[in-house]
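Converting from the sequence shown to the numbering used here requires adding 302 to each position, the first position being numbered 1.
Hints listed in this document are in silico derivations from the structure and should not be mistaken for laboratory results. From the three backbone atoms N, C-alpha and C, an ideal C-beta is built for every residue, glycine too.
The following label-pair restraints were derived from C-beta to C-beta distances: (1) T446 <-> G333: 53 to 59 Å; (2) T461 <-> R415: 18 to 24 Å; (3) G466 <-> V334: 38 to 44 Å; (4) N419 <-> G443: 20 to 26 Å; (5) S417 <-> G333: 34 to 40 Å; (6) N419 <-> S480: 28 to 34 Å; (7) F412 <-> E432: 23 to 29 Å; (8) A418 <-> L325: 49 to 55 Å; (9) T346 <-> R435: 33 to 39 Å; (10) G333 <-> P449: 47 to 53 Å; (11) V330 <-> Q442: 55 to 61 Å; (12) V334 <-> Q414: 38 to 44 Å.
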Amino acid sequence: MARPEDEDAPWARQLLVGTGVLLAVALVIGGVVSVFALGAARVTGIDSASSGRSNPPTLVIPSDVPTTTPEPFPDPDVPQAAGSSSQASSPSATPTKKKKPPTSISLQAFPQRVSANQRINLTGTYRGGEGARLQVQRFQGSWTNFPVTVSVSGGLFNTYVYTGRSGPQRFRVMDTTSGRKSNPVKVSVGG
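Build out the structure end to end from the sequences listed, making use of the hints.
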């Protein structure tokens, strides 16, 4: 006749074997994850051995003051000056140049070269435009609305567009209430 301890032995053995296998699998998975984490840390430059001088982290926030001319190509909405013909008609008037106030909407696009239907990020600042609704526009012989709008929060805005149209593309944003327009940005699509 079989003893009661013999009947419990296979169950206890299975429990021990199952626990051992579970522990072994957990160790293997933990080892693989740690190897990937160490590799990722090494690739990103996070390293405990780099106790020497390191470069400070950089963060580029677009400013509302352009570092170069805000429009590298002519804006079709602004008529070109006829030259000195207006000055010649009134010789007694002193020639004065009126400076155009800087555009309060500043726009940047990145990347500036994309494949067709790849994401184009549009970011910028709008000084004094808190809560404004901006309409993205694309130049197609004239400025036409692109089906994307963005709101200004904290003086900043951020959106993105996709286009399959190849070639140089120009985008800008326009405040739907005031009619103010940003500087146009150029992105090369396709290639």
